[in-house]
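J.: Once you've looked at the hints, dock chain R against the given chain X.
Protein chains: 2
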Amino acid sequence: MPGLRVGHAGMRAATDDRSGALTGSTVVLAPPGGAVAGVDVRGAAPGTRETDLLDPRRMVQRVHAVLLTGGSAYGLAAADGVMAGLEADGVGFDVRPGPEHAGPAWVVPIVPAAVVFDLGRGGDFAARPDAATGLAAYRATTGPAGGGAVGQGVVGAGTGAVVGGLKGGIGTASAVLESGAVVAALVVLNAAGSAVHPPTGELYGARFGLPGEFADLGPPDAGELAAARDAGLPRGAAMGALRATTLSVLATDLTLSKAECAVLAAMGADGLARAVNPVHTLVDGDTSFALSTTARPAPGQAGLHELLAVGADCVTRAIVYAVLAADPVRTPVGDWPSYRSLFPSTVVARP
Amino acid sequence: MPGLRVGHAGMRAATDDRSGALTGSTVVLAPPGGAVAGVDVRGAAPGTRETDLLDPRRMVQRVHAVLLTGGSAYGLAAADGVMAGLEADGVGFDVRPGPEHAGPAWVVPIVPAAVVFDLGRGGDFAARPDAATGLAAYRATTGPAGGGAVGQGVVGAGTGAVVGGLKGGIGTASAVLESGAVVAALVVLNAAGSAVHPPTGELYGARFGLPGEFADLGPPDAGELAAARDAGLPRGAAMGALRATTLSVLATDLTLSKAECAVLAAMGADGLARAVNPVHTLVDGDTSFALSTTARPAPGQAGLHELLAVGADCVTRAIVYAVLAADPVRTPVGDWPSYRSLFPSTVVARP
Numbered sequence: 001m002p003g004l005r006v007g008h009a010g011m012r013a014a015t016d017d018r019s020g021a022l023t024g025s026t027v028v029l030a031p032p033g034g035a036v037a038g039v040d041v042r043g044a045a046p047g048t049r050e051t052d053l054l055d056p057r058r059m060v061q062r063v064h065a066v067l068l069t070g071g072s073a074y075g076l077a078a079a080d081g082v083m084a085g086l087e088a089d090g091v092g093f094d095v096r097p098g099p100e101h102a103g104p105a106w107v108v109p110i111v112p113a114a115v116v117f118d119l120g121r122g123g124d125f126a127a128r129p130d131a132a133t134g135l136a137a138y139r140a141t142t143g144p145a146g147g148g149a150v151g152q153g154v155v156g157a158g159t160g161a162v163v164g165g166l167k168g169g170i171g172t173a174s175a176v177l178e179s180g181a182v183v184a185a186l187v188v189l190n191a192a193g194s195a196v197h198p199p200t201g202e203l204y205g206a207r208f209g210l211p212g213e214f215a216d217l218g219p220p221d222a223g224e225l226a227a228a229r230d231a232g233l234p235r236g237a238a239m240g241a242l243r244a245t246t247l248s249v250l251a252t253d254l255t256l257s258k259a260e261c262a263v264l265a266a267m268g269a270d271g272l273a274r275a276v277n278p279v280h281t282l283v284d285g286d287t288s289f290a291l292s293t294t295a296r297p298a299p300g301q302a303g304l305h306e307l308l309a310v311g312a313d314c315v316t317r318a319i320v321y322a323v324l325a326a327d328p329v330r331t332p333v334g335d336w337p338s339y340r341s342l343f344p345s346t347v348v349a350r351p
Numbered sequence: 001m002p003g004l005r006v007g008h009a010g011m012r013a014a015t016d017d018r019s020g021a022l023t024g025s026t027v028v029l030a031p032p033g034g035a036v037a038g039v040d041v042r043g044a045a046p047g048t049r050e051t052d053l054l055d056p057r058r059m060v061q062r063v064h065a066v067l068l069t070g071g072s073a074y075g076l077a078a079a080d081g082v083m084a085g086l087e088a089d090g091v092g093f094d095v096r097p098g099p100e101h102a103g104p105a106w107v108v109p110i111v112p113a114a115v116v117f118d119l120g121r122g123g124d125f126a127a128r129p130d131a132a133t134g135l136a137a138y139r140a141t142t143g144p145a146g147g148g149a150v151g152q153g154v155v156g157a158g159t160g161a162v163v164g165g166l167k168g169g170i171g172t173a174s175a176v177l178e179s180g181a182v183v184a185a186l187v188v189l190n191a192a193g194s195a196v197h198p199p200t201g202e203l204y205g206a207r208f209g210l211p212g213e214f215a216d217l218g219p220p221d222a223g224e225l226a227a228a229r230d231a232g233l234p235r236g237a238a239m240g241a242l243r244a245t246t247l248s249v250l251a252t253d254l255t256l257s258k259a260e261c262a263v264l265a266a267m268g269a270d271g272l273a274r275a276v277n278p279v280h281t282l283v284d285g286d287t288s289f290a291l292s293t294t295a296r297p298a299p300g301q302a303g304l305h306e307l308l309a310v311g312a313d314c315v316t317r318a319i320v321y322a323v324l325a326a327d328p329v330r331t332p333v334g335d336w337p338s339y340r341s342l343f344p345s346t347v348v349a350r351p
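Chains as they are written, first to last, in our numbering: chain X, 1 to 351; chain R, 1 to 351.
Quick caveat, the hints were computed from the structure, so don't treat them as lab data. Ideal Cβ positions, reconstructed from N, Cα and C, are used throughout, including at glycine.
Among chain R residues calculated to face chain X with C-beta under 7 Å, some are: (1) R49; (2) A77; (3) F125.
Stretches of chain R that chain X covers, calculated by requiring three or more beta carbons in the stretch to come under 8 Å of a beta carbon on chain X: (4) 54-65; (5) 107-116.
To list a few chain X residues with every Cβ distance to chain R over 10 Å, as calculated: (6) G180; (7) D216; (8) A262; (9) P278; (10) D327.
So that you can see chain X by itself, here it is in the shape it has in the complex (with noise of 0.2 Å):
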């Protein structure tokens, strides 16, 4: 996505002691000078900061990054390390006193947040991003690494991510739109229901990808489908100690008012709800965010029909990647067996 850079920091014991992090902070950083943001929030759970400026009534229009953590609600404290980042590099909303105020800027950047459940994941309550975190998961898109392709499966908010029994992470899907806009999501998928249609094993979310873009995708064979079945996998959702989150950003270069964000953050929440079911549950706190950089002219009502369409179509397809990115992760809490290493017979030729 032009303009756009994503950073992660995970928190993932070396060693398999029982007792370590499964955990991190996802950072999407806008341009020096914003994006026009929206928010949808569509869980029962949601654990959010500075969504309420993101309200079209609101003034600030343009946000500096958004933040995608995990750590349940102790994780909002990695977006105090965005800040400071952000702040020490001179980028916020100006709040200079007056135009003949010299010195360091004054400014305060625009991070709204939200957060996954992912607390005890690795085997220490505790553990949990904090400023630092955050602060690495920004200065991770600073780095060269920012430039190139974005990181998916088990990184940075993805590290302790979990979908219906089985490990979940970080997802991205793009399309170029007949305008050559482009819209692109991040998810972080982690949610009490599944990705996988339990009868057959397939991914929900791959009957809406491109033109042969899951052609290689098959049904698993009837033997591992039997073996999960008797595993009890996939899981649907459970109530009680079960608590989980998915959270996505889209975004695109067309210029968007802040209710045309909302509308289109909105569309986030459709292009999961085609890829996990049982969705938005009472446990899930699921929140979406849409960014415009606008570095292309704002769409005609047509551009803008095909960019909500394609970005909910964009949410779904990075859910199939991030379950397909996902690798086993072996924890004190419980074995999260990945997608491929249960049905190794469905990915035909994926690298």
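T.: Leaving out everything else, chain R in the frame of chain X:
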């Protein structure tokens, strides 16, 4: 207010060296089991945390504390410290992985927060409430002082507060309803608009007092009024460099639903509108919270009707007390006289 405790932590340079802090944090602490809560965001420039979960459609029913803080968006870091204090005391939403879980409590404290803009008021742009400030405010609620009278004036989140060119601060007011139930308000008065009616020098909110409450508060004499006018005081809201925000917490011991708390919170905005003009401007992030300790049963419709009307007046009256309790503060970026120093003739017999 029975069941709730308030703690302040102010950051105020001991000497007027023109490079100090003038900010702070205030915590309203619920009973250990939490309080039902609601929020109303009305200003154009809010800075908030954990407000989405207060939507009546969201699952979390109770909050453990509300943080009001200076520092603009940076000040949201103070909530990290309040959460740390609550966690250390075992207070929070129970997230044990199962009933068999042993060992330390797995809790996630729910601490909605909102900020006022006071950056640079003491001269040092980098002096802001952080996690340590939030923890100190939390600790101040748990000491013996927490059981006594609530501090007003230039304390806690009101340390750097300004209102219409005069010193703002913290104010409180309460009322006993016909049923014997209590409603109480705490306000951080830091508004772009004025609490003073410029032509007369009277406080807008004074006419909403209980019978006789503000009887000793007369209009200023003509000489004082003329002198104030010559000094350009009170100032109305100026756009540009000025940034503000007034926060309030309304609390009752009546049992309310989350939706009813949201309605009570909206009364906070109405109470503010009666006491400050202009209000909810483009540079205010005015946010009101409401808490129900549920110590008494739910009110009937007449009781709810009374609660809402009296609650709004409590916020208006708390603003009068905030103005009267403020003391003059000299800082490098300007002098803010207090209402009482500007109009000493108004207060006939107040201590």
